[in-house]
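Trainee: Chains as they are written, first to last, in my numbering: chain W, 1 to 179; chain S, 1 to 459.
Just so you know, the hints here were simulated from the structure itself, not pulled from any lab data.
Computed from a predicted model, the values in this text were never measured in an experiment.
Every residue, glycine too, gets a C-beta built ideally from N, C-alpha and C.
There's no promise every hint is true.
[Claimed, not checked] When the alpha-carbon atoms are kept at most 20 angstroms apart in a straight line, the in silico EDC-like pairs for lysine to aspartate or glutamate are as follows:
1. S/Lys250 <-> S/Asp5
2. S/Lys16 <-> W/Glu91
3. S/Lys16 <-> W/Asp158
4. S/Lys269 <-> W/Glu91
5. S/Lys121 <-> S/Asp392
6. S/Lys9 <-> W/Glu178
7. S/Lys439 <-> S/Glu418
8. S/Lys321 <-> W/Glu178
9. S/Lys269 <-> W/Asp158
10. S/Lys402 <-> S/Asp318
11. W/Lys101 <-> S/Asp12
12. S/Lys414 <-> S/Asp392
13. S/Lys322 <-> S/Asp244
14. W/Lys101 <-> W/Glu156
15. S/Lys402 <-> S/Glu428
16. S/Lys50 <-> S/Asp101
17. S/Lys9 <-> W/Glu156
18. W/Lys148 <-> S/Asp61
[To be verified] Pulled from the structure, derived: some chain S residues nowhere near chain W, Cβ distances all over 10 angstroms:
19. Leu8
20. Gly68
21. Asp110
[What the hints assert, rightly or not] If you want a taste of the chain S side facing chain W, the calculated C-beta under 7 angstroms gives, among others:
22. Ile7
23. Val11
24. Ile123
25. Arg258
26. Phe443
Okay, here's what each chain looks like letter by letter:
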Amino acid sequence: MAERTNMVISVMDRDRPGIVAEVTEGISSLGGNLADLRESVLCGYFTMILVADFPAAVTVEQIETSLSTGSSSRVSVEIADGPLDDAPASEHIYILSAVAKDRVGLVAQVSRFCSGRGVNILDLASHVDGDQYTMMLQLELSGIQSMKAFRGELAEFDETSGLNLVLQHNDIFRATNEI
Amino acid sequence: MIRSDQILKTVDMIQKEHLDVRAVTMGICLLDCRTGDAESTAQKIEEKIKNLAGTFVEVCDRIGGMYGVPVVNKRISVTPIAHVGAGFSRGGFVRLAKALDDAATAVGIDIIGGYSANVEKGINQGDMSLIQAVPEALATTSRVCSSINAGSTRHGLNMDAVALLGQTVKAAAEQSAASSGFGAAKFVVFANQPGDNPFMAGAIHGLGEAEAVINVGVSGPGVIARALERKIEEVGADHLGLDDLAEEIKQATFRVTRCGELIGRQVAKELGLPFGVVDLSLAPTPSVGDSVGEILNILGVDDIGAPGSTAIVAMLNDAVKKGGSFASQSVGGLSGAFIPVMEDSVLADAAERGCLILEKLEAMTCVCSVGLDMVPIPGDTDADTIAAIIADELMIGVINSKTTAARLIPVPGKQAGEFVSFGGLFGESVVLPVRNTGKSSRFVQFGGRIPAPIHSLKN
Numbered sequence: 001m002a003e004r005t006n007m008v009i010s011v012m013d014r015d016r017p018g019i020v021a022e023v024t025e026g027i028s029s030l031g032g033n034l035a036d037l038r039e040s041v042l043c044g045y046f047t048m049i050l051v052a053d054f055p056a057a058v059t060v061e062q063i064e065t066s067l068s069t070g071s072s073s074r075v076s077v078e079i080a081d082g083p084l085d086d087a088p089a090s091e092h093i094y095i096l097s098a099v100a101k102d103r104v105g106l107v108a109q110v111s112r113f114c115s116g117r118g119v120n121i122l123d124l125a126s127h128v129d130g131d132q133y134t135m136m137l138q139l140e141l142s143g144i145q146s147m148k149a150f151r152g153e154l155a156e157f158d159e160t161s162g163l164n165l166v167l168q169h170n171d172i173f174r175a176t177n178e179i
Numbered sequence: 001m002i003r004s005d006q007i008l009k010t011v012d013m014i015q016k017e018h019l020d021v022r023a024v025t026m027g028i029c030l031l032d033c034r035t036g037d038a039e040s041t042a043q044k045i046e047e048k049i050k051n052l053a054g055t056f057v058e059v060c061d062r063i064g065g066m067y068g069v070p071v072v073n074k075r076i077s078v079t080p081i082a083h084v085g086a087g088f089s090r091g092g093f094v095r096l097a098k099a100l101d102d103a104a105t106a107v108g109i110d111i112i113g114g115y116s117a118n119v120e121k122g123i124n125q126g127d128m129s130l131i132q133a134v135p136e137a138l139a140t141t142s143r144v145c146s147s148i149n150a151g152s153t154r155h156g157l158n159m160d161a162v163a164l165l166g167q168t169v170k171a172a173a174e175q176s177a178a179s180s181g182f183g184a185a186k187f188v189v190f191a192n193q194p195g196d197n198p199f200m201a202g203a204i205h206g207l208g209e210a211e212a213v214i215n216v217g218v219s220g221p222g223v224i225a226r227a228l229e230r231k232i233e234e235v236g237a238d239h240l241g242l243d244d245l246a247e248e249i250k251q252a253t254f255r256v257t258r259c260g261e262l263i264g265r266q267v268a269k270e271l272g273l274p275f276g277v278v279d280l281s282l283a284p285t286p287s288v289g290d291s292v293g294e295i296l297n298i299l300g301v302d303d304i305g306a307p308g309s310t311a312i313v314a315m316l317n318d319a320v321k322k323g324g325s326f327a328s329q330s331v332g333g334l335s336g337a338f339i340p341v342m343e344d345s346v347l348a349d350a351a352e353r354g355c356l357i358l359e360k361l362e363a364m365t366c367v368c369s370v371g372l373d374m375v376p377i378p379g380d381t382d383a384d385t386i387a388a389i390i391a392d393e394l395m396i397g398v399i400n401s402k403t404t405a406a407r408l409i410p411v412p413g414k415q416a417g418e419f420v421s422f423g424g425l426f427g428e429s430v431v432l433p434v435r436n437t438g439k440s441s442r443f444v445q446f447g448g449r450i451p452a453p454i455h456s457l458k459n
């Protein structure tokens, strides 16, 4: 098989019908093959990140031009740095839920706690219900040596931060919500 | 990624509703431990249990910690000891009970089941020696539980055995009089006893089972009670029918069963053992908020034992089975709602107020698991009356093709209305009155067998 290059592409736009079609048609017209894709719409704004491999002759500029021409979308393309990572082992994936009265800096507080312990956030979603702010963080805890110690630190953080924090293994949520 | 509302619902279930795994039970075959004498057999039993279950408690605790769902009880069930010790004297069987007790202590578990025999059609020499050893075995050990299967739908009810077991219950209580007859709280008589039940006192590792296996009993009734309360608060009692509430029970049971099976399978994998079954039973504990009686209250009877109680417990039992059996790959054991009086604070309160009586309990066990369970009765109740109560309860199972059991504690020196407490998971209650005592001896003394029921013409 001819040599190919992995490219990471991000797209942002005011949400409207046709964005995914425009972007993926542009990719396929250059011989690109999608490896993974995630899109999300938040408060009327569309964002998408995807990874695709292209023939080695295709350049970053060619892709940017192809995807931006005739479109309002802002597109950013770069060559993937080294081989693509595999999905993390499921045994180390946990869900941290954090609930608190809405105020400035909640996400920063929680994410700083995680980064301070080498914990990677794989996914993060939040929603506001009245004055209550809820965060769901999918965490990768392979770097944690002692779960007991980590839970202890989390309990302490729960006390001092005013956040109601609950850490559960991802498998529990899969088991209870998937058929 | 899983949706936020699903995550929050599961978080509520674990944090606020105290989801746990009620019991992980390791079943162990002991048939290969048999030697020519009781002493060396006892030593081999101890060695085998220690070898297989040495890390059992540590693994359960670690897996429970990893998932944030505690495994409350770690237990062991063994091959019915009558098979292992056949040919030994009564004293030899007492020695085997000591070996089980010592092994349980060594591996750090609180209860070991399987000091048992199956006499549904007849009593052989090994069965008889074991039954004769039961009162002393239970009085001199702390962790051993005993169960005898005295009837089945296939073979009918062995009334010779039932008569003998009435005396055994009495002797087990009297020989442990110093602890209010606690020996009898560790002794249960069954009809249609399953060989894969993870719950005590009736857990055994049946003859049809593998060398060793992990069975799981899922969470207690607190999760169901809280789910019902939340549903009623959200929707309003005026807008809910019993079918809506049954659906809520099904859904809650689905979720707790999934958790139980996940953790049980992980424990089995770590120990390198096959996974057996999930037992869907709702097993209460004396803790407040962990009561089957409370669910009956929520579902509309102001006191347990009031008319309607049997219908409600039937609906509860059925909904639990429906939700759980869809959730699990392999369901077994007893799988029903337990109503053990002493172990359930709401039932015990109803008994104290005189609302819940023995006869109503018996009626409720026609439609739920597992029988007259942890029922303290006056210490002067005669053995024939106890045997006749056992016969009544067991025939409910024999006729209806279901498991039933009797765990009666004739509390030495106590009368109806007096209080008895065993502490911990065994709980406390007033002694329930037994009406019409001394009127069943002619029935019990006939002996023989009540024939197996007809399997057609059901009405």
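Trainee: With reference to the structure, classify each hint as holding or not holding.
Mentor: Hints, verified against the model:
{"no.": "1", "hint": "S/Lys250 <-> S/Asp5", "result": "holds (19 angstroms)"}
{"no.": "2", "hint": "S/Lys16 <-> W/Glu91", "result": "violated (25 angstroms)"}
{"no.": "3", "hint": "S/Lys16 <-> W/Asp158", "result": "holds (16 angstroms)"}
{"no.": "4", "hint": "S/Lys269 <-> W/Glu91", "result": "holds (14 angstroms)"}
{"no.": "5", "hint": "S/Lys121 <-> S/Asp392", "result": "holds (17 angstroms)"}
{"no.": "6", "hint": "S/Lys9 <-> W/Glu178", "result": "holds (13 angstroms)"}
{"no.": "7", "hint": "S/Lys439 <-> S/Glu418", "result": "violated (24 angstroms)"}
{"no.": "8", "hint": "S/Lys321 <-> W/Glu178", "result": "holds (19 angstroms)"}
{"no.": "9", "hint": "S/Lys269 <-> W/Asp158", "result": "violated (33 angstroms)"}
{"no.": "10", "hint": "S/Lys402 <-> S/Asp318", "result": "holds (13 angstroms)"}
{"no.": "11", "hint": "W/Lys101 <-> S/Asp12", "result": "holds (18 angstroms)"}
{"no.": "12", "hint": "S/Lys414 <-> S/Asp392", "result": "violated (24 angstroms)"}
{"no.": "13", "hint": "S/Lys322 <-> S/Asp244", "result": "holds (14 angstroms)"}
{"no.": "14", "hint": "W/Lys101 <-> W/Glu156", "result": "holds (18 angstroms)"}
{"no.": "15", "hint": "S/Lys402 <-> S/Glu428", "result": "violated (28 angstroms)"}
{"no.": "16", "hint": "S/Lys50 <-> S/Asp101", "result": "holds (12 angstroms)"}
{"no.": "17", "hint": "S/Lys9 <-> W/Glu156", "result": "violated (24 angstroms)"}
{"no.": "18", "hint": "W/Lys148 <-> S/Asp61", "result": "holds (12 angstroms)"}
{"no.": "19", "hint": "Leu8", "result": "violated (7 angstroms)"}
{"no.": "20", "hint": "Gly68", "result": "violated (5 angstroms)"}
{"no.": "21", "hint": "Asp110", "result": "holds (23 angstroms)"}
{"no.": "22", "hint": "Ile7", "result": "holds (5 angstroms)"}
{"no.": "23", "hint": "Val11", "result": "holds (5 angstroms)"}
{"no.": "24", "hint": "Ile123", "result": "violated (45 angstroms)"}
{"no.": "25", "hint": "Arg258", "result": "holds (4 angstroms)"}
{"no.": "26", "hint": "Phe443", "result": "violated (50 angstroms)"}
The structure fails hints 2, 7, 9, 12, 15, 17, 19, 20, 24 and 26 (numbered hints given earlier, in ascending order).
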